[in-house]
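Protein chains: 2
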Amino acid sequence: MNLGYPGRQKQLEKLVEKLGLPKNASIKWELLHLALTHASASATANYEQLEFIGDAVVRLAASQLLFEIYPDCSVGEFAAIRSILVSDRILCKIADSYGFDRYLIVASSAASDKTGAETRMADALEAVLAALYLSAGTLELIRPWLDPHFRQLAAEIRRDPARQNYKAALQELTQGKHKVLPKYHVLETGTTQGGEDRFTAEVRVHGNLLARGTGRSIKAAEQAAAREAFIKLNDA
Amino acid sequence: MNLGYPGRQKQLEKLVEKLGLPKNASIKWELLHLALTHASASATANYEQLEFIGDAVVRLAASQLLFEIYPDCSVGEFAAIRSILVSDRILCKIADSYGFDRYLIVASSAASDKTGAETRMADALEAVLAALYLSAGTLELIRPWLDPHFRQLAAEIRRDPARQNYKAALQELTQGKHKVLPKYHVLETGTTQGGEDRFTAEVRVHGNLLARGTGRSIKAAEQAAAREAFIKLNDA
Chain B
21 MNLGYPGRQK QLEKLVEKLG LPKNASIKWE LLHLALTHAS ASATANYEQL EFIGDAVVRL
81 AASQLLFEIY PDCSVGEFAA IRSILVSDRI LCKIADSYGF DRYLIVASSA ASDKTGAETR
141 MADALEAVLA ALYLSAGTLE LIRPWLDPHF RQLAAEIRRD PARQNYKAAL QELTQGKHKV
201 LPKYHVLETG TTQGGEDRFT AEVRVHGNLL ARGTGRSIKA AEQAAAREAF IKLNDA
Chain H
21 MNLGYPGRQK QLEKLVEKLG LPKNASIKWE LLHLALTHAS ASATANYEQL EFIGDAVVRL
81 AASQLLFEIY PDCSVGEFAA IRSILVSDRI LCKIADSYGF DRYLIVASSA ASDKTGAETR
141 MADALEAVLA ALYLSAGTLE LIRPWLDPHF RQLAAEIRRD PARQNYKAAL QELTQGKHKV
201 LPKYHVLETG TTQGGEDRFT AEVRVHGNLL ARGTGRSIKA AEQAAAREAF IKLNDA
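Residue numbers (the working numbering), protein chains in the order written: chain B, 21 to 256; chain H, 21 to 256.
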């Protein structure tokens, strides 16, 4: 197949091999090529539409796996874990583990934008998921390699709740329930001396105080407040 | 199969027939039964987990259809249309068209809660979508009957932009791009006499004014401001 770039077919086959997919897998190569083409390289033929589909594909893959391996989990915990699994941070890590940056066609001007790199890798991974889903009509080209990543991460999150990103989880919850994002307000309430927590965060929804939390940094105080609020709302 | 309710199997078969699915379709009946059981009827065996999966299934079905029928649409327009298609309002309408309320097992106390009825129907539809997806491993038991609804709605939305819910579309856009919801501020700037617009709405993201809009009602002014902001952000 001619994808308009010399050697592109071979390159994409290498990635598919890295993902552990069978050599004879029926793949729509032109979609995979598109999934790994950034908008800076082509304004019209790039990964944007596929990323839009892939966003739904990755949520489905994560949901189905959680349902299978944790049948007794509450939906609140599902939502909390899923919001972490499908975050840019995690998707970028997974993309990095396969060296996606070597396969993504991107204009050099955009490639030098280091702050956008995480989003770019996460978006490309989502687009690749869409290309593979559209190739098979099922998740069969996805789950064999994505599940192990999600399994391990989900187990880590459940084992050590401190690793949980409660701000993301709370956001998912309040958006779903109240169509609104939680708001944080942080005050410096302690000193750096004495070992006590320096910051106190309050989190509100629709102006109502949900919870307070303290921490040594602003971020830690916000996470502590989010954790309290998340548990409170989840039990309600 | 014994689903614990006399006549339940027959009832579910009737719904499947109404959806136009083949009589010999391989369906996981226990999942379909669960999908049509409200939490008020069983605290442990209800549709909540399936609804969680169904939320991803319906997004995928909508995304894939839009990608197929409007290959030249911008991702911004996709997002705007999808946000309407997967809204509680639309999903409830679709559920109603098949008389889902006759199949949902719900405690009478909850059934009398009319304000929750729309969400309940939308949730049950999502859960049914999950049960059908998990039965087939593909969207083959879903798209034949869901696509025609989505096709018609998407065409209406595109034909008559005034039907578009720009507030929902803008929210989808700013959440995706900026992880934040737009904020509206409405002032009464006109009178009821004279025919001019009575309200002016401002919409901001991160405190930055995106757009202003006017209307005869608060809602209309907000929609007008959202429309301006949506077009502005989408072109950016």
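The reader is advised that the hints may include incorrect statements.
Copies of the same chain are indistinguishable here, so a pair counts whether it falls within one copy or spans any two.
Unchecked claim - Taking lysine-lysine and the DSSO-like style, the derived pairs with C-alpha atoms no more than 30 Å apart in a straight line are:
no. : residue 1 : residue 2
1   : K30       : K199
2   : K203      : K38
3   : K203      : K43
4   : K199      : K48
5   : K38       : K187
6   : K252      : K199
7   : K38       : K239
8   : K252      : K134
9   : K239      : K30
The hints are simulated quantities; they were obtained by calculation from the structure and are not laboratory data.
Structure-based check of all given hints:
1. K30 <-> K199: Classified as neither: same-chain Cα gap 46 Å, cross-chain 38 Å, threshold 30 Å.
2. K203 <-> K38: This pair counts as neither: shortest intra-copy Cα distance 42 Å, inter-copy 45 Å.
3. K203 <-> K43: neither (50 Å within a copy, 51 Å between copies)
4. K199 <-> K48: neither (38 Å within a copy, 33 Å between copies)
5. K38 <-> K187: Answer is neither; intra-copy 34 Å and inter-copy 43 Å both fail.
6. K252 <-> K199: both (18 Å within a copy, 23 Å between copies)
7. K38 <-> K239: The answer is neither: 37 Å in one copy and 52 Å across copies each exceed 30 Å.
8. K252 <-> K134: Result: close only across copies, 26 Å inter versus 38 Å intra.
9. K239 <-> K30: neither (45 Å within a copy, 55 Å between copies)
Hint violations for this structure: numbers 1, 2, 3, 4, 5, 7, 9, all remaining hints satisfied.
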